[in-house]
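*Asks:* Please work from the sequences and hints to get the whole structure.
As you go down the protein sequences, you meet chains E and R in turn.
Per the working numbering, the first sequence starts with residue 1, numbered consecutively.
Per the working numbering, the second sequence starts with residue 1001, numbered consecutively.
No wet-lab data here; the hints were simulated from the structure.
Be careful, since some hints might not be right.
Now the stretches of chain E that chain R is said to cover, found in silico as 3 or more residues with beta-carbon under 8 Å [what the hints assert, rightly or not]:
| no. | stretch |
| --- | --- |
| 1 | 38 to 50 |
| 2 | 88 to 96 |
| 3 | 100 to 112 |
Glycine included, each C-beta is placed from N, C-alpha and C at the ideal position.
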Amino acid sequence: GESVGLHLPTLSVQEGDNSIINCAYSNSASDYFIWYKQESGKGPQFIIDIRSNMDKRQGQRVTVLLNKTVKHLSLQIAATQPGDSAVYFCAENTHQNSGYSTLTFGKGTMLLVSP
Amino acid sequence: ETGVTQSPTHLIKTRGQQVTLRCSSQSGHNTVSWYQQALGQGPQFIFQYYREEENGRGNFPPRFSGLQFPNYSSELNVNALELDDSALYLCASRRGQSYEQYFGPGTRLTVT
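*Replies:* Below you can see the structure in the form of structure tokens.
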């Protein structure tokens, strides 16, 4: 499949390491944040989300941290595996004046996991 | 799998032509959003349909238009194709304005 990772920041780790991917978001009014994983040739796949009234949420092997003071999100992946290799995007959900909400995506980070 | 399907998978068009892309949303999802993802970039919001009406639009010209049908499936139409329209087009469905959106696999459009 085609690559979605050209010109993206890249994080290279060894299998078994912990990975941390960072993201800065733009809108202080955003109320919900999501991390997506995108493999080559596929659409974004939901990993974990967090609402703005929280600062940490844990899933299976993944943790999201939210720092609203500096508008920063991070995704921590424990015991990274080769199957985690993909491009990771953060997205913020913002409500528009007309009542609908939209997702605004960050630029993405490519995670490369070597055995 | 998310239950969201898109067709076709790949498409090659010539500059100036028109294209229609299709999306079938997850069962029960009445809101469909379309995104454009250029190579090496994050998806960018094009527009959103809720119960057959467009209720939100991003920074895209009017030659990008859409439809949503009574069964909540959707089409994205692009007229007068330009080279810069080459991208992966993604649709995402959800129930109402719920937070979780489910993405399809995308249609890769190449304009030559």
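*Asks:* Determine for every hint whether it applies to the structure shown.
*Replies:* So, going through the hints one by one against the coordinates:
no.	hint	verdict
1	38 to 50	holds (count 7)
2	88 to 96	holds (count 4)
3	100 to 112	holds (count 9)
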